[in-house]
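> The primary structure of each chain is shown beneath.
2 protein chains.
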Amino acid sequence: MKSLSRRAFLSTAVRSTAVTAAAFMIPSIVDAAIKKEKSAHKSEKKIQLKQNAVVLLQGDSITDYGRRREVTTFNSPEALGYGYASRIASALVLNHAALAPRIYNRGVSGDKVYQLRDRWQTDCYDLQPDVLSILIGVNDFWHAIDGHYDGTPEVYRRDYLALMEQTRNKLPNTQVIICEPYAINGVKAVTDAWYPQFDEIRAAAREVADQYADVFVPFQTVFDQALEVAPASYWTGDGVHANLAGSQLMAQAWLEATGL
Amino acid sequence: MKSLSRRAFLSTAVRSTAVTAAAFMIPSIVDAAIKKEKSAHKSEKKIQLKQNAVVLLQGDSITDYGRRREVTTFNSPEALGYGYASRIASALVLNHAALAPRIYNRGVSGDKVYQLRDRWQTDCYDLQPDVLSILIGVNDFWHAIDGHYDGTPEVYRRDYLALMEQTRNKLPNTQVIICEPYAINGVKAVTDAWYPQFDEIRAAAREVADQYADVFVPFQTVFDQALEVAPASYWTGDGVHANLAGSQLMAQAWLEATGL
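From first to last, the protein sequence lines are chains B and U. Quick note: the first sequence uses the numbering used here, first residue 1, plus one each step. Quick note: the second sequence uses the numbering used here, first residue 1, plus one each step.
Calculated directly from the structure, the hints in this document are not laboratory data. Please note: incorrect hints may appear among the correct ones.
[To be verified] Straight-line alpha carbon distances no greater than 25 Å define the calculated DMTMM-like cross-link-like pairs of lysine to aspartate or glutamate that follow:
hint : chain 1 : residue 1 : chain 2 : residue 2
1    : U       : K35       : U       : E154
2    : U       : K188      : B       : E78
3    : B       : K188      : U       : E78
4    : U       : K170      : U       : D126
5    : U       : K50       : B       : E200
6    : B       : K50       : U       : E228
[As the list claims (entries may be wrong)] Listed next, the stretches of chain U that the computed footprint assigns to chain B, with coverage defined by at least 3 CB atoms under 8 Å from CB atoms of chain B:
hint : segment
7    : 223-235
8    : 248-256
Ideal Cβ positions, reconstructed from N, Cα and C, are used throughout, including at glycine.
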């Protein structure tokens with residue numbers, strides 16, 4: 001061990017005492033992935049937070065990731081689970097401390113779109129989100145390929161479009177983030193048998209985002225880029241569920257894509 | 001809701017596919033706190049990670065924060081708990097993906113220094129950490145002021161110096177990070193009765209760091225700065241335990257102070 005040293009900070013430090021909404025200098029893999037997204041529109045509309053903005057993160061087990069269901073308060077670490085939702089939340093509450101955003105995780109393991117729909121009153125509308133983020137789709141495919149569900153990518157597309165049409169009517173002022181369903185081939189649950197049909201799920205999510213979202217988060221591209229840095233097993237244990245590194249990667253991509 | 005927009009990324013993006021160990025542009029409160037630390041030494045020695053570096057985060061409940069004790073593997077979200085340790089870990093595994101660091105949390109709720117000592121063989125030496133981070137001290141004070149413990153700041157100082165002397169002998173090549181015990185006055189458990197004696201705990205930790213650490217993380221200064229942005233209750237529920245925002249604040253400060 002060596003004697004103590006103090007680290008002199010970079011001279012570019014911001015002096016104001018207010019916490020600016022400065023973007024993290026994200027790892028280059030996230031950067032490369034977001035850049036790959038062609039801008040279909042010239043506007044750079046990002047997500048805006050107001051004071052005490054309610055941010056709702058919705059989806060399946062990737063979002064859920066062990067959250068304590070009985071804890072319903074916002075910004076509770078236990079209620080946010082162990083995945084990307086928790087890591088987005090902690091970044092938001094720090095980086096936007098002056099606005100004191102309120103983040104909820106209402107992901108439910110195993111969900112497909114129609115199951116979101118069935119609980120949407122309680123788990124979306126009643127929370128009156130200012131910002132709504134959804135990651136759904138892998139189960140619409142996975143449960144079907146495993147023979148537990150008779151849906152198809154077309155059913156997913158139709159269900160999702162209908163859900164967002166209804167959501168837009170009920171929450172006209174809510175900003176929407178649609179996240180791309182992703183899969184990492186060659187790890188446990190995900191095999192070549194998933195392709196090319198899984199790409200139809202991804203395309204459907206993109207179509208839903210084109211019509212209803214302010215921001216689309218290209219998770220598949222992000223993971224594809226990540227594979228250039230570390231192998232698939234570094235990011236996921238089963239090809240579907242992001243692990244610690246994968247979750248942080250997703251959170252960083254979400255924050256970058258939303259401008260938050 | 002509005003039509004889809006894609007966010008064009010900043011032109012300063014790094015183009016290489018390797019993940020650089022680029023520092024986050026941390027919120028200005030962390031920055032201000034780290035800058036306040038006078039550099040006693042000219043060197044800017046930071047923490048260096050080697051391939052598969054073992055990083056051990058030790059301490060009390062602030063570190064522990066509900067980790068699943070039965071899960072002993074590295075980089076497991078459940079084993080890392082809900083606090084700053086988990087948020088340091090996810091940042092490290094993403095930002096240093098090419099090095100694949102292995103992070104363990106062995107914080108134990110309620111611990112004082114002598115209790116670390118009593119379990120140090122299993123919970124430190126046996127893990128052979130390349131990087132060892134310790135946050136301990138609040139209980140050495142809190143349990144005493146509550147009448148459950150008869151130690152004093154001098155006992156804490158003596159215990160800690162002895163622990164680190166032994167640690168240095170057993171782990172001569174391990175890089176050490178000593179974190180400053182902190183308290184946020186006026187919230188629940190922390191009152192004016194804590195002062196000025198609690199500052200003796202802080203001073204003792206700093207003295208231990210001067211002799212044995214590569215990096216000292218000034219958590220008290222960080223929280224003091226944070227109060228300029230949001231009130232105490234935003235960062236902690238009881239003045240001792242950082243909540244979601246407080247944990248993220250601590251993690252960012254740690255990452256900045258260590259250069260990781």
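> For each hint, tell me whether it holds in the structure or not.
Hint-by-hint comparison with the structure:
Proposed proximity of K35 of chain U and E154 of chain U is contradicted: the alpha carbons are some 29 Å apart, above 25 Å. Among the hinted pairs, K188 of chain U with E78 of chain B is consistent with the structure: their alpha-carbon atoms are about 21 Å apart, no more than 25 Å. Of the supplied pair hints, the one linking K188 of chain B and E78 of chain U holds, its CA atoms being roughly 21 Å apart against a limit of 25 Å. For the suggested pair K170 of chain U and D126 of chain U, the alpha carbons sit about 11 Å apart, so the restraint of at most 25 Å is met.
A threshold of 25 Å between alpha carbons decides the hint, and for K50 of chain U with E200 of chain B the separation of about 42 Å lies outside it, so the pair is violated. For the hint pairing K50 of chain B with E228 of chain U, the CA-to-CA distance comes to about 20 Å; that is within 25 Å, so the pair holds. Requiring three or more residues with a Cβ within less than 8 Å of a Cβ of chain B, the coverage given for the segment 223-235 of chain U holds, as 6 such residues are present. Against chain B, the segment 248-256 of chain U contributes 5 residues with a C-beta closer than 8 Å to a partner C-beta. That satisfies the three-residue criterion, and the hint holds.
Comparing the model with each numbered hint stated earlier shows that hints 1, 5 do not hold.
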